[in-house]
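Chains F and A supply the protein sequences, listed in that same order.
When you line the first sequence up against UniProt numbering, it's residues 1 to 235, in that order.
When you line the second sequence up against UniProt numbering, it's residues 1 to 293, in that order.
A couple of the hints might just be wrong.
Said to hold, decoys possible - Among chain F residues calculated to face chain A with C-beta under 8 angstroms, some are:
(1) Leu-81
(2) Pro-83
(3) Arg-96
(4) Asp-120
For the record, the hints were derived by calculation from the structure and aren't laboratory data.
The C-beta atom is built at its ideal place from N, Cα and C for all residues, glycine as well.
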Amino acid sequence: MTGAPLIELRGASLGYGSTPVLTGVDLSLAPGELLGVVGPNGAGKTTLLRGLLGLLEPLAGTRSGRPRSAYVTQHEQLDSLYPLTVAELVAQGGLRPRGAWRRPRPASAPAVVAALAEVDLVAASRRPFSTLSGGQLQRALLARALVAAPELLVLDEPTSGVDPESADRILALVSRLVRDAERGAVIVSHDLPRLATHVGRIAIVRDGTVRLATARELGVDQLLAAIAPAGEPSA
Amino acid sequence: MSLPLILELFGPAIVATLLAALLCPAVGALLFVRRSAFHGVVLPQVAAAGTAAGFAVLPWWTLHVGLAGMTTLEAVDSPHALAGYLLGWAFAGTALGLGLLHAFGRREGADPARLAVLFAVASALTTLCALSAPVGGERIDAMLKGEILTLDWHAVEVLGGSYALVALLLARFGRELWLVGLDPELAQVLGFDRRRLELIWLGLVGITVAIGSLLVGPVVLFGLLVIPPLAARQVARSLRGFQVVAVLLGFAGAVGGLALSFWADWPLGPSVVVACALCLPPAWAEGRRRRLP
Chain F
1 MTGAPLIELR GASLGYGSTP VLTGVDLSLA PGELLGVVGP NGAGKTTLLR GLLGLLEPLA
61 GTRSGRPRSA YVTQHEQLDS LYPLTVAELV AQGGLRPRGA WRRPRPASAP AVVAALAEVD
121 LVAASRRPFS TLSGGQLQRA LLARALVAAP ELLVLDEPTS GVDPESADRI LALVSRLVRD
181 AERGAVIVSH DLPRLATHVG RIAIVRDGTV RLATARELGV DQLLAAIAPA GEPSA
Chain A
1 MSLPLILELF GPAIVATLLA ALLCPAVGAL LFVRRSAFHG VVLPQVAAAG TAAGFAVLPW
61 WTLHVGLAGM TTLEAVDSPH ALAGYLLGWA FAGTALGLGL LHAFGRREGA DPARLAVLFA
121 VASALTTLCA LSAPVGGERI DAMLKGEILT LDWHAVEVLG GSYALVALLL ARFGRELWLV
181 GLDPELAQVL GFDRRRLELI WLGLVGITVA IGSLLVGPVV LFGLLVIPPL AARQVARSLR
241 GFQVVAVLLG FAGAVGGLAL SFWADWPLGP SVVVACALCL PPAWAEGRRR RLP
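Turn these sequences into a full structure, and let the hints steer you where they fit.
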């Protein structure tokens, strides 16, 4: 980890309308850092991600840094009714607004192949994405994010609904992508033991606040307590 | 009947049907993957209810609001003035339907029960308005049966101009619309304005349905918006292929429907639907073979 932070939230309140969901958020992410985010359902993990991505402006406090960001959706949210090939899906990652009268362009074929090569999925490029396994689809979504050469990768539960072997492979892949290209990455996951072995720090989102700790400091028991539903003891 | 005579008598109806066949499956493809295919049935029916309501209140309208200074009977005899007036009502009906569907929920697709209720209410209103309309009852009947053989070239110009606008909007915003339908969060992260795109989408569907419902009838729209994309999804292997196959199947269905209509002396609307539906069994067989969702 070197240099200035890619993104920094200082005393930030994040929420919708004028209602904060999270308050007093102090969080920074350096290039080459992999940050885990955990917390019970409904605690505000998605709100934190939206704040980091710049989709929500802080209601109070500051947010600095505007890295080129890419978002990796949960693969289960994609509707298999869409008749996209894997290559077409990945090419979507290159779309950007180009003004009122110009059509956005998808990523070029060489860029798509390069991104698929990063996730070892070139052979599946012509297959309909709906025929991929959960792990393969998650890697395809990672390729879709990589095609835009992002400085910040944000992944929403990338190991959800995939087998353990694929989950290990995805997290190892993300670790490598972060390390090799000095990117920052934020991963939301409920797969705590696996997450703890790959990330440096973990942001625990609970009771309207964000607490930061290293995975070593916390240990698996405290992490499990951190994602327990409200009403049960927290870490 | 010789071909030149057929073209002279029914040219506008033939061209209007083929124009609808080129555009509606492309719009229907997006409706289909957004799990809103039933909108392709509900919205034309709501637009038809708007048109029928326009006929029902025409005497009141000419008396109290005014229609180019015409009486009711003069308005009925003036195709241009009447077309503009009815178009307004078709748009109002479509806008109301879109507003209700929007309120029911966009992303997940509206609850089928609510859609069914909207369809049932629109059908009932169409019938009641047609019965209570002092003029134009036979035109409403013809529209509902899918009899469009009385169209004139002015109507084709209106349809062509409107559908050219929709085609331009689809060409310009198609990529964003596909992305926002598949992954709205990513679209937002990439910098696209979701709300603006939803408005463009609603406008695009609104123009397609309101104009089409009035000029080629709701039955033709049912067939062209819903059936070709359903069949194309089973056959196509890519996004581009899906759109191209949907349009080709729609066009083939329209040509087949025209032929069937002349050969069997059936109304054009149902003939197009039957012709389009003929492609479904082989498409389903192919989809089953490929184990598609």
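How the hints compare with the structure:
Taken as an interface hint, F:Leu-81 checks out: its beta carbon lies about 5 angstroms from the nearest beta carbon of chain A, inside 8 angstroms. Against a cut-off of 8 angstroms between C-beta atoms, the interface hint on F:Pro-83 holds, since the closest Cβ of chain A lies about 4 angstroms away. Given hint, F:Arg-96 at the interface with chain A, holds; its Cβ is 6 angstroms from that chain's nearest Cβ, closer than 8 angstroms. Hint status for F:Asp-120 relative to chain A: violated, with the closest Cβ pair at about 22 angstroms, above 8 angstroms.
Hint 4 alone, counting from the list given before, is not met by this structure.
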